[in-house]
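**Student:** As a plain string of letters, each chain reads:
2 protein chains.
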Amino acid sequence: MIMDKEAPIGVFDSGVGGLTVAREIMKNLPMEKIIYFGDTARVPYGSKSKDTVLRYSRQIIRFLRTQGVKAIVVACNTASALALDVIEQEIDIPIIGVVKAGARVAATTTTNRKVGVIATESTIQSKMYQDYISTIDPQITVFGKGCPLLVPLVEEGWTEDDVTKKVVERYLQELKEEEIDTLILGCTHYPLLSKIVGEVMGSGVKLVNPAYETAVELEALLAQRGMKSEVCASGEFPYRFFVSDAANKFTEFAQSILPVEMPKAHQINIEEY
Amino acid sequence: MIMDKEAPIGVFDSGVGGLTVAREIMKNLPMEKIIYFGDTARVPYGSKSKDTVLRYSRQIIRFLRTQGVKAIVVACNTASALALDVIEQEIDIPIIGVVKAGARVAATTTTNRKVGVIATESTIQSKMYQDYISTIDPQITVFGKGCPLLVPLVEEGWTEDDVTKKVVERYLQELKEEEIDTLILGCTHYPLLSKIVGEVMGSGVKLVNPAYETAVELEALLAQRGMKSEVCASGEFPYRFFVSDAANKFTEFAQSILPVEMPKAHQINIEEY
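Chains as they are written, first to last, in this note's numbering: chain A, 6 to 278; chain B, 6 to 278.
Think of the hints as simulated: they come from the structure by calculation, not from any bench.
These numbers come from a predicted model, not from an experiment.
Just to be clear, a hint being listed does not mean it is correct.
Pairs count within a copy or across copies, as identical chains cannot be separated in the list.
Claimed, not checked - When the alpha-carbon atoms are kept at most 30 Å apart in a straight line, the in silico DSS-like pairs for lysine-lysine are as follows:
(1) LYS170 <-> LYS254
(2) LYS200 <-> LYS150
(3) LYS233 <-> LYS254
(4) LYS38 <-> LYS170
(5) LYS55 <-> LYS150
(6) LYS211 <-> LYS200
(7) LYS119 <-> LYS75
(8) LYS10 <-> LYS181
(9) LYS181 <-> LYS171
(10) LYS254 <-> LYS132
(11) LYS200 <-> LYS132
(12) LYS181 <-> LYS170
(13) LYS233 <-> LYS75
(14) LYS269 <-> LYS150
(15) LYS38 <-> LYS181
(16) LYS132 <-> LYS170
Please model the entire structure based on the sequences and the hints provided.
**Tutor:** Below is the structure:
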């Protein structure tokens, strides 16, 4: 199959969190166009079952294909953990997710072979980070901790707050006792809490941001397949944003964390795909 | 239209929260059968737009009609606030919601005519509690406060916890300064925090639980229309539970707060309705 090198990258998440991944792609692959979809009508995925997350992911991929994307980035940890293995068997364009990228970097970063992961309950229960890390180095022990309050705290804007610090301290206590030296921020919202997490864990623990690592992996994959964009898009804005609900609220939040001026997001009915 | 008095009551919510309403109906109207639907695949509604909440509510009502319900209780504050006024024009069976019931009792409870409401952001922004209370007594001033962290805190099980108390104190500070004497717990999860909320507000402030008031209103409505059940259901369990995702998790949570042994919830695909 011959794919247009100038076609956009499809990026999707359950909501706004995946914008931290889109941001890393914008910074590190500035020639690439992006079609972003945030499933704001059905957010969050973290508490939903595998079957439901798989059905939602398939609908989103059908939508992204209508936009002519050349590759897909699953910017949602839950969907990466629960749906990626199945979906990559079903489509004929490259697809990568944040979980594998984060896992690989964590495995090469740790020196004492004790890695922690913080994420939503579903991601932790799927043991997907553990599984990937074990295939790279079976000697590494992975300690997972579900942190369901952190996404609401970020969305409330309490990213530098005493209450948030108390919640983070409580969640991270067990991981500190295990003496991990590497901690994966296994949910796309968590990089926005990296200051507090860093303070709580101390300077001896390295934080892994899967959003950044995913952009690095995407670049390598496109290069390997001869699919990197070679020209800057001219005469058109290279990034388009779609959501399943509340486009204005999404646009505001996106504007606050993206490095570019952005157009208004379009709302679509994802259940039709 | 002649309706079977022994037909069940349909009760729906975005998830598990509406079980606090089902519980009050079980306690106060023990002859009535209940069909409960929790939209666990699309929870929460609190951050979603009016159009989306309306579309979801219509799908759920179409499902409940297939179960032959004689009346519908909207046990979700967000759906009551955003969708009830439209939906009650569209169907030919009685439908009531938690917002009106809570508003009416608050209006007759306050003596200084200063009422507070805590709820999700959508419910507060809809100003529906304010509007209903104003139609009863325009002299009452209503102070609303969105509390997005309280649902996740309840679902984390931190209902009697220092962190939760700190969050509640911060959210309620403005309402205390306004010297309200009555506070509506405007989200179905909040009755599970009534101990902490009561401590923070002090004994001079009366708490209104719309779940209880809704059961009282339902009983009056059924009596007025000659639709009260007159026989105990025999040979069959009177309560059935349906969800759009994660039936096991729902069943566990439901068992922990309901006064009866309950059967396993059934999962359906609500998008098909």
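**Student:** Run every hint past the structure and note whether it holds.
**Tutor:** Status of each hint after checking the structure:
1. In the homo-oligomer, the alpha carbons of LYS170 and LYS254 lie at most 30 Å apart both inside one protomer (26 Å) and across protomers (29 Å), since each shortest distance falls under that limit.
2. For the homomeric pair LYS200 and LYS150, the shortest alpha-carbon distances inside one copy (19 Å) and between copies (29 Å) are both at most 30 Å.
3. With identical chains, the CA atoms of LYS233 and LYS254 are never at most 30 Å apart, being 32 Å at best within one copy and 44 Å at best between copies.
4. Within a single copy, LYS38 and LYS170 get their C-alpha atoms no closer than 37 Å, and across copies no closer than 46 Å, so neither meets the 30 Å cut-off.
5. Proximity of LYS55 to LYS150 under the C-alpha cut-off of 30 Å is restricted to the intra-copy arrangement: shortest distance 19 Å within a copy versus 35 Å between copies.
6. Taking the closest pair of Cα atoms, LYS211 and LYS200 come within 30 Å of each other only inside a single copy of the chain (12 Å); across copies the shortest separation is 41 Å, beyond that limit.
7. Taking the closest pair of Cα atoms, LYS119 and LYS75 never come within 30 Å of each other, the shortest separation being 37 Å inside a single copy and 58 Å across copies.
8. For the identical chains of this complex, LYS10 and LYS181 are neighbours neither inside a copy (46 Å) nor across copies (60 Å), given an alpha-carbon limit of 30 Å.
9. Taking the closest pair of Cα atoms, LYS181 and LYS171 come within 30 Å of each other both inside a single copy (15 Å) and across two copies (25 Å).
10. With identical chains, the CA atoms of LYS254 and LYS132 are at most 30 Å apart between copies only, with a shortest distance of 19 Å across copies and 33 Å within one.
11. Proximity of LYS200 to LYS132 under the C-alpha cut-off of 30 Å is restricted to the intra-copy arrangement: shortest distance 26 Å within a copy versus 37 Å between copies.
12. For the identical chains of this complex, LYS181 and LYS170 are neighbours both inside a copy (15 Å) and across copies (26 Å), given an alpha-carbon limit of 30 Å.
13. With identical chains, the CA atoms of LYS233 and LYS75 are at most 30 Å apart within one copy only, with a shortest distance of 10 Å there and 61 Å across copies.
14. When the C-alpha separation of LYS269 and LYS150 is checked against a cutoff of 30 Å, the pair qualifies only between copies, where the shortest distance is 28 Å, while the shortest distance within a copy is 36 Å.
15. Taking the shortest alpha-carbon separations for LYS38 and LYS181, neither the intra-copy value of 41 Å nor the inter-copy value of 51 Å comes in at or below 30 Å.
16. Taking CA atoms no more than 30 Å apart as the test, LYS132 paired with LYS170 passes inside one copy only; the shortest distance there is 26 Å, against 33 Å between copies.
Of the numbered hints listed earlier, those contradicted by the structure are 3, 4, 7, 8, 15.
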